[in-house]
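Asker: Sequence:
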Amino acid sequence: MGIDLKNHHVKKSQRTAPKSEDPYLLLLVKLYRFLARRTDSNFNKVILHRLFLSKVNRPPISLSRITKETANAPDLDSKIIVTVSTVTDDVRLTEVPKLTIAALRFTRAAKDRILKAGGEVLTLDQLALRAPTGSNTILLRGKKNTREAVKHFGMGPHKHKKPYTISKGRKFERARGRRKSRGFKV
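If you're matching positions, the sequence shown starts at -4 in the working numbering and goes up one per residue.
Calculated from the structure, these hints are not laboratory results.
Be aware that a few hints might be false.
Stated by the list, open to error - Below, in silico cross-link-like pairs of lysine-lysine (DSS-like), each with a Cα-Cα straight-line distance of 25 Å or less:
no., residue 1, residue 2
1, LYS25, LYS14
2, LYS74, LYS93
3, LYS40, LYS7
4, LYS14, LYS74
Stated by the list, open to error - Simulated restraints, written as ranges between beta carbons of each label pair:
no., residue 1, residue 2, range
5, ASN2, ALA170, 46 to 56 Å
6, VAL145, ASP120, 29 to 39 Å
7, ASP70, PHE167, 51 to 61 Å
The beta-carbon is built from N, C-alpha and C at its ideal position, and this holds for glycine as well.
Can you build the whole structure from these sequences, using the hints too?
Answerer: This is how it looks when you write it as structure tokens:
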């Protein structure tokens, strides 16, 4: 077999294991690696891949978004909502419906509200016992570009991006480039 000269030193860029050394995460990876190999379910392959991701690529998902996304899902009572991220509470959501959610972790308030509504919270290893092939599940993920840092990306004149300012007061970034009387206005 010859050497591929064109892609000789090109690495595969996707992760094949998590960077984290969290023993519980590594056990989950072991479990889903087995399920991905032994079942022909694509669901397990997706879960395994998402377990490898960095924290930025596993954005949290709020209870309000979960209810919004699953509002018109048929036969929701028998379905399990799955997300490989943190489930957070949203105080703007007044009533939480009865939901069965499986996630990597839950905030304390989110967990309390789900249980109070008569719902169920599952860990991903409990999900593997309940639905080993991912049948009757709804797979969701959070919005990736809602981080505060993303608002600043691509900063420059005429870009309308958020500047890194200490404050929004009179003395901060209000002169040249911001007013016609001070040179120019962007």
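Asker: Please go over all the hints and tell whether each is borne out by the structure.
Answerer: Going through the hints against the structure:
Note on LYS25 and LYS14: the hinted pairing holds, with a Cα-Cα distance of about 14 Å set against a maximum of 25 Å. For the hint pairing LYS74 with LYS93, the CA-to-CA distance comes to about 11 Å; that is within 25 Å, so the pair holds. About 17 Å separates the Cα atoms of LYS40 and LYS7, which keeps this hinted pair within 25 Å; it holds. Proximity of LYS14 to LYS74 is assessed by CA-CA distance (about 31 Å); at most 25 Å being required, the pair is judged violated.
Against the hinted window of 46 to 56 Å, the Cβ-Cβ separation of ASN2 and ALA170 comes to about 52 Å, which satisfies the hint. Checked against the hint of 29 to 39 Å, the C-beta distance between VAL145 and ASP120 comes to roughly 32 Å, which is consistent with it. Hint check: ASP70 to PHE167, Cβ distance near 54 Å, so the stated range 51 to 61 Å holds.
Going down the numbered hints, you'll see the structure goes against just number 4.
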